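> All chains should be built: construct the whole structure from the sequences, respecting the hints.
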Amino acid sequence: MKKCLALALAALMVIALAGMASASATPTKLTLWTFIDQHAKFYNEMAEEWNKANPDKPIALEATVIGYDDMHNKLKIALQSGIGAPDMCDVELGQFPNVLLGEPQLVALNDALSPYIDTIVPSRLSIYSKGDVHYGVPTHVGATVAFYNVELLEAAGIDYKTIVTWDDWAAAGKKLKEANPDAYMGNVETTTQWQTSLMLTEQGADFQDNSNPDDPKPTVNTPELLKAVETQQQWLKDGIAFLCPGGQVDTEEGKAWLNTGVCATVIMPEWYMSRFVDEIPDMAGKYAIAPAPVFEAGQPRSIGLGGTGTVVTLTCPDIPLASDFISWAKLSELGESTIWNVMGFDPVNTAVWDDEALTHNPDNKFNKYFLTNVFDTLNEVKGEIKYVSSTSISPTINSYFSSTLWNNLYIDQLDAAAELEAAQEAIEADIF
Amino acid sequence: MTSVRKLLYSKKIAPYVFVLPFTLTFAVFFIYPLISTVRMSFQDILPGQVKWVGLSNYRRLLGDKVFGQAVFNSVRYMAITCALLIPFPMLFACMISSKSMRGAGVFKSLYFLPVLTSVVVAGLVFRMMFSELPGALMNSILALLGKPPIYWMKMEYPSLFALILLCCWRWTGMNMLYFIAGLKSIPAELYEAAEIDGANAAQKFLRVSWPLLKPTTIYVLTISIYAGLAMFTESYMVFGNNTSPHNYGLTIVGYLYRYGFEKLRMGYASAVGLALLVGAMLINLAQLSVTGAIGPRRARV
Numbered sequence: 001m002k003k004c005l006a007l008a009l010a011a012l013m014v015i016a017l018a019g020m021a022s023a024s025a026t027p028t029k030l031t032l033w034t035f036i037d038q039h040a041k042f043y044n045e046m047a048e049e050w051n052k053a054n055p056d057k058p059i060a061l062e063a064t065v066i067g068y069d070d071m072h073n074k075l076k077i078a079l080q081s082g083i084g085a086p087d088m089c090d091v092e093l094g095q096f097p098n099v100l101l102g103e104p105q106l107v108a109l110n111d112a113l114s115p116y117i118d119t120i121v122p123s124r125l126s127i128y129s130k131g132d133v134h135y136g137v138p139t140h141v142g143a144t145v146a147f148y149n150v151e152l153l154e155a156a157g158i159d160y161k162t163i164v165t166w167d168d169w170a171a172a173g174k175k176l177k178e179a180n181p182d183a184y185m186g187n188v189e190t191t192t193q194w195q196t197s198l199m200l201t202e203q204g205a206d207f208q209d210n211s212n213p214d215d216p217k218p219t220v221n222t223p224e225l226l227k228a229v230e231t232q233q234q235w236l237k238d239g240i241a242f243l244c245p246g247g248q249v250d251t252e253e254g255k256a257w258l259n260t261g262v263c264a265t266v267i268m269p270e271w272y273m274s275r276f277v278d279e280i281p282d283m284a285g286k287y288a289i290a291p292a293p294v295f296e297a298g299q300p301r302s303i304g305l306g307g308t309g310t311v312v313t314l315t316c317p318d319i320p321l322a323s324d325f326i327s328w329a330k331l332s333e334l335g336e337s338t339i340w341n342v343m344g345f346d347p348v349n350t351a352v353w354d355d356e357a358l359t360h361n362p363d364n365k366f367n368k369y370f371l372t373n374v375f376d377t378l379n380e381v382k383g384e385i386k387y388v389s390s391t392s393i394s395p396t397i398n399s400y401f402s403s404t405l406w407n408n409l410y411i412d413q414l415d416a417a418a419e420l421e422a423a424q425e426a427i428e429a430d431i432f
Numbered sequence: 433m434t435s436v437r438k439l440l441y442s443k444k445i446a447p448y449v450f451v452l453p454f455t456l457t458f459a460v461f462f463i464y465p466l467i468s469t470v471r472m473s474f475q476d477i478l479p480g481q482v483k484w485v486g487l488s489n490y491r492r493l494l495g496d497k498v499f500g501q502a503v504f505n506s507v508r509y510m511a512i513t514c515a516l517l518i519p520f521p522m523l524f525a526c527m528i529s530s531k532s533m534r535g536a537g538v539f540k541s542l543y544f545l546p547v548l549t550s551v552v553v554a555g556l557v558f559r560m561m562f563s564e565l566p567g568a569l570m571n572s573i574l575a576l577l578g579k580p581p582i583y584w585m586k587m588e589y590p591s592l593f594a595l596i597l598l599c600c601w602r603w604t605g606m607n608m609l610y611f612i613a614g615l616k617s618i619p620a621e622l623y624e625a626a627e628i629d630g631a632n633a634a635q636k637f638l639r640v641s642w643p644l645l646k647p648t649t650i651y652v653l654t655i656s657i658y659a660g661l662a663m664f665t666e667s668y669m670v671f672g673n674n675t676s677p678h679n680y681g682l683t684i685v686g687y688l689y690r691y692g693f694e695k696l697r698m699g700y701a702s703a704v705g706l707a708l709l710v711g712a713m714l715i716n717l718a719q720l721s722v723t724g725a726i727g728p729r730r731a732r733v
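Order-wise, the sequence lines are chains E and D. Be aware that the first sequence starts at 1, since it is given in our numbering, and climbs by one per residue. Be aware that the second sequence starts at 433, since it is given in our numbering, and climbs by one per residue.
The hints are simulated quantities; they were obtained by calculation from the structure and are not laboratory data. In this text, all values refer to a predicted model and were calculated from it rather than measured experimentally. Note that beta-carbon positions come from the ideal geometry of N, C-alpha and C, so glycine has one too. Any given hint could be a false lead.
[Said to hold, decoys possible] Partner residues are not named here, just some residues of chain E that face chain D (Cβ under 7 Å, in silico):
1. VAL65
2. ASP70
3. LEU79
4. GLN80
5. ASP118
6. ASN221
7. THR222
The following block contains the structure:
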């Protein structure tokens with residue numbers, strides 16, 4: 001009897017083991033680095049979904065969050081030396097040219113992207129490309145919009161909907177200042193150029209001439225940039241704009257300042273709404289979203305700024321799997337709606353922008369926070385979203401801007417025309 | 433068998449065996465990187481592309497204004513820290529070693545405590561203290577004095593002050609300890625003899641302590657020169673990253689980091705590293721020969 005039982009048990013175990021083996025393949029371990037918590041959360045969520053949809057090729061995703069500078073420096077060194085790189089990595093737009101130097105040690109993603117390529121905004125792919133080869137999967141459009149503090153403006157008798165041009169905006173600023181001396185109409189950045197980039201592309205200009213992609217040239221001493229910076233210098237002189245604490249609003253100091261409720265306008269890419277919701281809690285229900293002002297009515301009112309392209313490295317043990325996963329995670333319909341629902345970003349597939357059930361969901365935390373729906377504004381400016389070139393000389397330009405130019409212009413209030421000439425010269429000298 | 437034993441017990445070989453661990457580490461972690469840096473400084477290095485460019489990295493280095501500024505910043509920082517971190521720690525060491533000092537142990541620990549903190553944590557705390565917000569510590573102190581808040585880290589001298597303060601706060605205790613050790617090695621009879629001759633405290637310091645502390649002072653000066661020129665982490669943490677307004681916080685190592693790690697120009701960064709090595713060596717060799725620590729010994733009287 002005992003023997004029989006033992007035999008039956010053994011047989012049962014064999015069957016059970018065989019069943020387990022056939023039901024699930026061993027998951028492939030894939031590592032990923034990112035510098036934003038929310039992104040890691042998103043990737044983990046999408047990995048679970050991927051395993052449900054693809055039981056034959058499951059993955060075990062290991063997403064690690066590392067600080068911005070640290071992560072990019074580690075990645076660059078790992079790519080240079082050929083050891084230690086993760087299988088996939090988020091690379092911020094400003095850093096992307098650095099990982100494309102020399103022969104990119106990254107996987108060409110053209111094949112993996114092909115199922116989605118027709119639906120996404122082309123300029124968001126080209127910023128992560130070298131020639132026709134795409135190396136990064138985009139996350140969002142980053143369309144720039146204006147966030148208006150309605151409570152503050154209404155108290156001063158200002159209706160933000162009537163603001164069309166920067167002149168209107170400055171006039172409203174003076175009115176606000178009279179009614180409320182502690183309040184500011186907006187801010188001026190000293191360590192980055194979100195606002196300045198918008199003011200530049202509104203006039204159809206760029207920081208560089210990229211007509212020959214092999215030899216881009218800086219174009220910093222242009223009348224368009226002069227107009228953009230002189231306008232902002234004037235705001236500071238008139239006291240309607242504040243030098244942003246921390247250098248820009250996407251810093252701890254900047255967000256803390258916004259949370260005090262004295263700033264009436266924030267001109268930032270759409271993704272900044274996630275910072276509002278997560279890190280500026282006291283302003284819930286106070287801000288509305290509208291198209292940004294322009295110099296002259298009819299100019300394009302938005303620009304795609306910021307963003308991360310996710311790359312697959314050549315040292316990845318299963319390149320096709322990683323490429324398929326990351327493209328699917330960020331660009332499939334499920335991925336695109338999760339990008340909005342979880343992170344509050346404007347998806348690169350603009351067809352999603354018309355899906356009312358998704359975009360106007362009243363339970364969505366981003367919709368709840370703001371007085372107006374962001375997609376109403378996005379759809380309004382959809383055809384006007386410009387971009388500034390991102391090339392091998394961009395890091396050099398950006399680094400001169402943040403270390404020297406903006407300080408000279410906005411803190412020291414030096415002569416703008418002379419400073420732009422000096423900037424042009426210094427940047428040309430610093431290009432390898 | 434006997435030959436092996438002979439080898440093992442050989443008095444000639446044994447010393448080499450004992451220094452082998454150090455020699456090996458030194459070769460692997462210092463000599464090899466040094467040689468490789470020299471080679472890289474003549475190359476243009478990008479992922480997958482390495483080519484010889486001769487002296488072009490050095491030519492670029494000489495013509496680079498930003499590098500000149502980095503050198504100026506580092507040398508100024510080094511000079512100020514040396515000027516502060518030798519006399520004050522020496523004074524504190526004398527006070528603590530003095531017989532009439534009460535609670536010397538407490539003061540010794542208090543001064544030494546900052547040495548144990550991580551420079552990253554200390555840098556972060558200093559950044560918050562010197563923040564531009566009106567509520568930050570340093571701006572609150574200004575407010576107490578009836579002054580408006582200032583942008584500490586966006587101005588040249590206030591940001592330099594922050595860096596110097598951080599350095600002094602962290603290293604006073606360490607240098608003080610060196611001087612206390614130096615003072616301990618001075619025989620008490622010398623002081624007794626001086627007292628018998630009627631020397632007062634100042635004379636005892638000037639005629640006994642100061643000359644006999646010379647070896648310690650030279651040692652502290654040598655490491656302070658190197659530490660001052662090689663400063664990087666403090667600036668990186670206090671400014672929040674390697675970018676500072678007008679490059680006020682840029683040091684030679686910061687410049688090396690910018691090109692080596694941020695812009696991935698390893699060849700050029702190698703040239704910067706060698707320039708730092710040569711500069712620090714020259715200053716220290718000059719200093720050591722002036723103070724008489726190296727070079728021909730003076731005739732003894």
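> Would you mind marking each hint as holding or not holding in the structure?
Here's how the hints hold up against the structure:
no. : hint   : in the structure
1   : VAL65  : violated, 18 Å
2   : ASP70  : violated, 10 Å
3   : LEU79  : holds, 5 Å
4   : GLN80  : holds, 5 Å
5   : ASP118 : violated, 32 Å
6   : ASN221 : violated, 18 Å
7   : THR222 : violated, 23 Å
The structure shown violates the earlier hints numbered 1, 2, 5, 6 and 7.
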